[in-house]
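**Student:** Each chain, letter by letter, is given below.
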Amino acid sequence: MENKKFDLPPSSEKKNTYERIAESPDFKHLVNTKNKFIVPFSIFFLLFYFSLPLLTSYSTILNKPAIGPISWVWVFALAQFVMTWTLSMIYVRKANQFDQMSDTILSDFRVEKKGDQSL
Amino acid sequence: MSAVGLAFFVGIVGLTLIVTYFAAKRTNTASEFYTAGGGLTGWQNGLAIAGDYLSAASFLGIAGAIALNGFDGFFFSLGYLVAYLVVLYLVAEPLRNLGKYTLADMINARFDQKKIRATAALSTITIVIFYMIAQLVGAGALIQLLLGIDYWVAVLIVGVMMTVYVLFGGMTATSWVQIIKAVLLMIGTVIISFLVLAKFHFNIFEMFSEMKTATPHGENFLNPGVKYTNPVDTMSMTMALVLGTAGLPHILMRFFTVKDAKTARSSVVVATWIVGIFYILTIFLGFGAAAFVGSNEIIAANAAGNMAAPLLAQALGGDMLMSFVSAVAFATILAVVAGLVLSGASAFAHDIYGEIIKKGKMTERQQMLAARYASISVAVLSISLALFAQKMNVAFLVSLAFCVAASANLPVILYTIYWKRFNTTGAITAMLTGLISALVLVAVSPNVLGPEGAAIFVGTPLFPLTNPAIVSIPAGFLGGYIGTVLSAKADALRFAEVSVKANTGFKG
Chain A
5 MENKKFDLPP
15 SSEKKNTYER
25 IAESPDFKHL
35 VNTKNKFIVP
45 FSIFFLLFYF
55 SLPLLTSYST
65 ILNKPAIGPI
75 SWVWVFALAQ
85 FVMTWTLSMI
95 YVRKANQFDQ
105 MSDTILSDFR
115 VEKKGDQSL
Chain B
-18 MSAVGLAFFV
-8 GIVGLTLIVT
2 YFAAKRTNTA
12 SEFYTAGGGL
22 TGWQNGLAIA
32 GDYLSAASFL
42 GIAGAIALNG
52 FDGFFFSLGY
62 LVAYLVVLYL
72 VAEPLRNLGK
82 YTLADMINAR
92 FDQKKIRATA
102 ALSTITIVIF
112 YMIAQLVGAG
122 ALIQLLLGID
132 YWVAVLIVGV
142 MMTVYVLFGG
152 MTATSWVQII
162 KAVLLMIGTV
172 IISFLVLAKF
182 HFNIFEMFSE
192 MKTATPHGEN
202 FLNPGVKYTN
212 PVDTMSMTMA
222 LVLGTAGLPH
232 ILMRFFTVKD
242 AKTARSSVVV
252 ATWIVGIFYI
262 LTIFLGFGAA
272 AFVGSNEIIA
282 ANAAGNMAAP
292 LLAQALGGDM
302 LMSFVSAVAF
312 ATILAVVAGL
322 VLSGASAFAH
332 DIYGEIIKKG
342 KMTERQQMLA
352 ARYASISVAV
362 LSISLALFAQ
372 KMNVAFLVSL
382 AFCVAASANL
392 PVILYTIYWK
402 RFNTTGAITA
412 MLTGLISALV
422 LVAVSPNVLG
432 PEGAAIFVGT
442 PLFPLTNPAI
452 VSIPAGFLGG
462 YIGTVLSAKA
472 DALRFAEVSV
482 KANTGFKG
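Chains as they are written, first to last, in my numbering: chain A, 5 to 123; chain B, -18 to 489.
Hint data in this document are derived by calculation from the structure and do not stem from the laboratory. A portion of the hints provided could be inaccurate.
As the list claims (entries may be wrong) - Chain A is nowhere near these chain B residues, computed Cβ spacing over 10 Å in every case:
1) Leu(-2)
2) Phe175
3) Ile437
Unchecked claim - Label-pair restraints from in silico Cβ distances:
4) B/Leu(-2) <-> A/Val86: 36 to 44 Å
5) B/Ile337 <-> A/Lys32: 34 to 42 Å
6) B/Leu459 <-> A/His33: 28 to 36 Å
7) B/Pro212 <-> A/Leu82: 39 to 47 Å
8) B/Arg7 <-> A/Pro44: 41 to 49 Å
9) B/Gln371 <-> A/Leu51: 35 to 43 Å
Because the structure is a prediction, the values reported are computed rather than measured. Cβ atoms here follow ideal geometry from the backbone N, Cα and C, with glycine treated the same way.
With the hints as extra help, turn the sequences into a complete structure.
**Tutor:** Here's what the structure looks like:
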């Protein structure tokens, strides 16, 4: 197994602890849920961000007037601010849910560990 | 310089020294020196992040860039802001959960290899030096203009101040200098923006209409393409801006000053609001300077436009406001260079001396001594380099620092946290390919090789782009990938530990 080749083995007590949490279904569920949120949102904000310089570099479509004397490029630029603030608030709401999930995992694990010791 | 102006400068110096005096009493251990004991609140750290981040390049540079180049100057504001989503979504919390004082600590949470720590310290020091020279050169030029003193005296004043904060007050003093600066900078920017808006009768449409005729660029002032005409170069620059922040050592270090990931998260959100409001206001600073100072006068004071904001303050509020804004700019520079000294010193004293040479076996007293000697060394080194770099283009140095941060640090950070297969070989190849490709491509770019007067050396550029990010960032990711798959090693067990720590904050 490739597992045996890591550089400095952590103490076996620690290794067991981390590994057992990492292999628990609840932890896997947490990581999956997190990734399902973080990956698409990160791709979205990077695409949204890069679409502005892409559009201004390769077209003049954003130079057209949007509202009175203000052209679309400024509207799009301000949309980047709104996007950043909105996504940072969405992140906090989501992250608070993740906190609860991880608290549950850790408290379950501590209960379980105590149980082990009492045996 | 007027008596009022002098009073503002002395006030800022005095206030920051008082803060340093009280911080010094609470700086007795290495943890207190590097991280203020991890005791900052989300609000405090959020303000300090904003204070650490909004450098002279932001305040003076972007105001000037918008005043001279219109929309093209605003690209900086956008990139510097959206960068915080990269920090918040991908980096801040795992970094807080895995690291102790430095970026190298976080990568070594997984690998525990001296050569990785050494490579990470090398890239940290490279970025710190470039960024620091940029800040000191900018500071020297600014204070020279404002106070009418020689460049070298100005650099020495800033250099001595930053050394005093860090040496005696460590992270506590540095954080409070950054908080004070962030508050002052926001007050100054809001006042100027309000006065600019008042001139346009609080009518945004009137402002945009008038800007169409207010500058030599005419209607083009409000359209992109005044300065950035090469599409690939524009993409490359915007890429460095948005991905660089998450690799800047002095910003990453701020996440170790809070107690947990939740506080790290709330501090990024606070910083994102402050920084965002500031960057929106750069529109008013830039437009105002273009309309009420005029590009000829801005260029006459400083070819890069760095004097646009102080000149605008004078045009709108007279000597009083100009003195205040100049003092704010001075505080801005002090806060950023102090953060840089601290992150450079942590790479030397904690990573290289403490963990590699002394193998982590040092008493608290020895760690503090090493940290203080390293702070002095970093300060002396950067002051000496800055004295010789007076003619260097500040914006170029800053964009180079962002490019190296994005190319050398971001790939290894993301792989360490998220990629199970990643290994020691990959970590080193990721950092070195990113670092070396960024440095080499810049060395043969049009900034360095070009016609007489337009570049540092006379010659023909071998690489066409002024910012190499579009090549060097993918190179960093690719280097890490190839290094990993070509090497038989794997650290899957350690990944379980890293993944559990990063996601839950659980510590053995």
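**Student:** Please go over all the hints and tell whether each is borne out by the structure.
**Tutor:** Hints, one by one, checked against the model:
Chain A leaves leucine -2 of chain B outside its interface by the beta-carbon criterion, the shortest separation being 35 Å against a cut-off of 10 Å. No beta-carbon of chain A comes within 10 Å of the beta-carbon of phenylalanine 175 of chain B; the shortest separation is about 19 Å. Every C-beta of chain A lies more than 10 Å from that of isoleucine 437 of chain B, the closest at about 27 Å, which supports listing it as non-interface. With their beta carbons about 41 Å apart, leucine -2 of chain B and valine 86 of chain A fall inside the hinted range of 36 to 44 Å.
The supplied range of 34 to 42 Å is met by isoleucine 337 of chain B and lysine 32 of chain A, whose beta-carbon atoms lie about 36 Å from each other. Here the CB-CB span from leucine 459 of chain B to histidine 33 of chain A is close to 32 Å, well matched to the stated 28 to 36 Å. Range check, proline 212 of chain B to leucine 82 of chain A: about 23 Å between beta-carbon atoms, so the 39 to 47 Å window is missed. Under the hint 41 to 49 Å, the C-beta atoms of arginine 7 of chain B and proline 44 of chain A, about 44 Å apart, fit the expected range.
A hinted range of 35 to 43 Å for the beta carbons of glutamine 371 of chain B and leucine 51 of chain A is consistent with their spacing of about 41 Å.
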